[in-house]
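Engineer: Chains as they are written, first to last, in the numbering used here: chain A, 156 to 353; chain B, 156 to 353.
Be a bit skeptical, because a hint or two may be false.
Since the list gives no way to pick one copy over another, a pair counts as held whenever it fits inside one copy or between any two copies.
Here are the computed lysine to aspartate or glutamate pairs in the EDC-like style, where the Cα-Cα straight-line distance is at most 16 Å [unchecked claim]:
1) LYS242 to GLU230
2) LYS157 to GLU326
3) LYS351 to GLU323
4) LYS196 to GLU206
5) LYS233 to GLU283
6) LYS184 to GLU324
7) LYS233 to GLU212
8) LYS338 to ASP290
9) LYS157 to GLU212
10) LYS347 to ASP234
11) LYS233 to ASP296
12) LYS242 to GLU340
13) LYS287 to GLU164
Simulated from the structure, these hints should not be mistaken for lab results.
Letter by letter, the chains look like this.
2 protein chains.
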Amino acid sequence: MKVSILTFEGFNELDSFIALGILNRLRSKGLQVHITGPSPKITSMNGVTIETTQALEFASESDAVLFGSGIYTREITKDLSILNRIKLNSNRQLIGAQCSGTLLMAKLGLINNLPACTDLTTKPWAIEAGVKIIDAPFYADGNLSTAGGCMSSQYLAAWIIAKLFNCEEAENAIYYVAPVGQKEEYVEMIMKVVKKFL
Amino acid sequence: MKVSILTFEGFNELDSFIALGILNRLRSKGLQVHITGPSPKITSMNGVTIETTQALEFASESDAVLFGSGIYTREITKDLSILNRIKLNSNRQLIGAQCSGTLLMAKLGLINNLPACTDLTTKPWAIEAGVKIIDAPFYADGNLSTAGGCMSSQYLAAWIIAKLFNCEEAENAIYYVAPVGQKEEYVEMIMKVVKKFL
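Same shape as in the complex, but just chain A (with noise of 0.2 Å):
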């Protein structure tokens, strides 16, 4: 199984690897977890360059699609050389977007009429797209999802882990990275709010 973080110029690091670091732990039973870019190397909104481990195209065959966020993402809703790339289908492929990710959703057709979420700066731009926002961290309907605030990526790779295999999969996975000594309540608080739409 493959989960694509899509990963632009500008990138949030919060977003793009706290996804990836939890969904790693699922790597030794075949899950291949790509930063999924649109050039071979991308430099962060704190100036971290990175190499992009698959291109774009990668989404389209992915099992799981993750648009992460960052601070050139309303440029990047108008730029139709990488928006036409990712050609996505939420029937067979989970999809999730964090923050200014919300916006990519939507532009590429994949929020409609669902409530979703995102972070505060970006609340304006969703709703003048025309997004429902609610103030919540997490919302889920069938394969598509939304989170907002950066350490609400935690409940997205969850929400992944427990889709594509089941919930025990998602709070080992979540118990291993945890506080040592606050693991069985850290568990506890991010299943909480994931569960809800399992």
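With chain A's structure known, arrange chain B on it following the hints.
Structural biologist: Showing chain B alone in chain A's frame:
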């Protein structure tokens, strides 16, 4: 003010990038955060290659230094070509470690008899190295701190901001990255752990 996040081959993305993302909330207030490594490029434990933004020697002139963790840390504790490049002084620098980074702090004589935190995998190796490991997510004493469990990097980042700036700035940074709709409780959860050591 400068922060070095010491990041080595096989690094854990969560440990280095959660700290980087949270600490960079203070960039507009003069905080420069660097991924500081032994070579210009390093590859994470899950195969993501990044460019370091400073060489290892930069740690000596940083106000705060974090030892990230990774899958090759035990080998690095025996590699003098790396260890000899890290010159720190806990009288004038804040020094913290995440998970297996605790092994490096111990090797460099920066833990002594302090209780310390690490992850469950590293725990037996840390005990073998003579470190007094406690079952806690975070511990700090003066300018030194350690954290255990990937997501405890939130505590390390909040502690550094509180020490370099103040508690309010740490709360603001956590508030920004916290999940939407849960921000107050999230800030309280993180600061409750950190404030005991301020």
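Engineer: Any hints from earlier that this structure breaks? Give me their numbers in increasing order, please.
Structural biologist: Hint check: 1, 2, 7, 10, 11, 12, 13 fail, others pass.
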